[in-house]
Amino acid sequence: MKKISAGRIITYVLLAIGGFIMVFPFIWMLISSLKTWAECGSMPPTWWPHNPTLENYIYAFKTAPFLKYFRNSVIVTIVCTAATMFNTILCAFTFSRLKFPGRDIIFSLMVSLMMIPYEMLIITNYTTIVKMGLYDTLVALIIPFTSSIFYTYILRNFFLSIPDSLYYSARVDGASDWQYLWEVMVPIAKPSLVTIGLLDALACWNSFMWSILVVGSVDNRTLPFGLFAFTDQAGVRFERLMAGSSIVVIPVIILFLFCRKQIVTGVSKGGMKG
Amino acid sequence: MTEKKKRVRTYKDTDEKITAKSLIKPFLFSLPFMVGLIIFTVYPFIKAVLLSFMENYRFLSGKFTGYGLGNYQAIIADPNFINALKSTTKYVLIVVPISMALSLLIAVGLNSVKKLQGLFQTVYFLPLVTSSTAIGMIFRWLYDYDYGLFNYFIGLFGIDRIHWLADVRFTMASICIYGIWSMLPFTIILLLAGLQNIDPVYYTAARADGAKSRDIFFNITIPLLMPTIILTSIVNMMSAFKVYDSLFVLYGGKPGPAFNLYTVIYYLYDMFWNKNKLGNAAASAMVLFVIIAVFTLLQNLISKKTNYYK
Chain A
1 MKKISAGRII TYVLLAIGGF IMVFPFIWML ISSLKTWAEC GSMPPTWWPH
51 NPTLENYIYA FKTAPFLKYF RNSVIVTIVC TAATMFNTIL CAFTFSRLKF
101 PGRDIIFSLM VSLMMIPYEM LIITNYTTIV KMGLYDTLVA LIIPFTSSIF
151 YTYILRNFFL SIPDSLYYSA RVDGASDWQY LWEVMVPIAK PSLVTIGLLD
201 ALACWNSFMW SILVVGSVDN RTLPFGLFAF TDQAGVRFER LMAGSSIVVI
251 PVIILFLFCR KQIVTGVSKG GMKG
Chain B
1 MTEKKKRVRT YKDTDEKITA KSLIKPFLFS LPFMVGLIIF TVYPFIKAVL
51 LSFMENYRFL SGKFTGYGLG NYQAIIADPN FINALKSTTK YVLIVVPISM
101 ALSLLIAVGL NSVKKLQGLF QTVYFLPLVT SSTAIGMIFR WLYDYDYGLF
151 NYFIGLFGID RIHWLADVRF TMASICIYGI WSMLPFTIIL LLAGLQNIDP
201 VYYTAARADG AKSRDIFFNI TIPLLMPTII LTSIVNMMSA FKVYDSLFVL
251 YGGKPGPAFN LYTVIYYLYD MFWNKNKLGN AAASAMVLFV IIAVFTLLQN
301 LISKKTNYYK
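Chains as they are written, first to last, in my numbering: chain A, 1 to 274; chain B, 1 to 310.
By construction, these hints were calculated from the structure, which means they are not laboratory data.
Any given hint might turn out to be false.
Taking beta-carbon pairs under 7 Å as the criterion, some of the chain B residues facing chain A (in silico) [as the list claims (entries may be wrong)]: (1) G68; (2) M137; (3) I189; (4) I198; (5) V201; (6) Y202; (7) Y203; (8) L268; (9) A285.
Beta carbons are placed, not taken as given, at the ideal position from N, Cα and C, and that holds for glycine.
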């Protein structure tokens, strides 16, 4: 009996050490962001700021339009996620409930498109965005990403598991396909939809490289791009850069604390197929 | 499979005939999705394939002299591309096995504890959801020569400070440390899901036979988890092969000292964005595509064979 509990304690201690290593960079980010310039550049480092200050945050909001970046990020994330969900729901419905010849072949072709690395598409997508006159707009950050085969794949699998009898009884009650989809299927699929929505929102919020290509002006930057550009404005002042990083990271951490289960389920479901 | 058969039967049972009307509905329902898919995935994919074979393509006029293998010859002759392939491969071969081994230990640990499971999960999975831009920024600070924590810690052991991000001898090590750290959460999640799929009956039987924990681990856990381990490794190799975002931030958009951090994607972006050599960019994209496609086929083959996730 004693031997087992010793092993258990060791497991907990090792897990705690590992866990500390995983979160430490974020803790250090927060601590550093509250330090003054002099304290941040002291050796040996202090583990807690002597005079915690919000000066760096004020500096970040004053020198760079972080509020605007924040607003842009919120808009892009909400609109992109909503549009993606709408497209995904309709498409998953088409390929699960509706009947038409070649349905399953078309869908497996779509699934095989998933292996195209996104980086392969940027060359042409950039040109397309410019030709559409969308260069340097928030729309450019949204429309290329609203058709996700991966999310459709997950949702379609879920839709297929809903029994046909439900559909026929709804039809007998006089519901159209459109009504059946939104009033029966969508409420049943809510857990899957929440997971997909969260994954997509995270991806939108953190998306970075594409915005560097298609956004030119300061006004249309989202948070990650704004943070990257902030290095030029803040110089090698890490207490300021850490304040900027905190502004980007904190909203996501809060979201994660509330929705960890759904996010983790989504990742483990998608990991193998993604 | 059985489900599929059943569905087809109901289709026939209902005697629905294929009419123009029955085709219009699927068309309209999937239209918003398909428009996006065709414009931003199918078309650019075909275009990239064609572009990679176009000789002397001019970006502005769209003119080219003919189809051929010129772009491929150009990138193969380009030491930067070969270098990019080599350093990316090196990165993959270091980061993937180490993070797999660490993740396996952590996942087994997490799976064995009941209390604090939620807290541990939150802590271990946090890096997965945070922006790579912010994480890159944080690591830049940790790697700082004068005041960074890494140099402080090695200083405690009497080791001289290191230019983590500037010294050619250490840059690979520093991006690998970062790469391993950031790969852990995803890997742990997948392995943990795999562990939870193992039927507890095996463990109960083994314990009843008086098997030791170590034997249980090597003779039950590892063999039963093997499909998950292999598939996770493949997925990780693909994502490690596409490493770019994090390096971009870590190095402030530069390819590192002496171009030793020039990865395949870095090459692609550099050719496209800075040098305007679209042919080279497209050819390197094709190389990337072929590599990813091989991994994907391998993944499908294995998951079909083991039939573990059905």
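Numbered hints the structure breaks, given as an ascending list
1, 4, 5, 6 and 7
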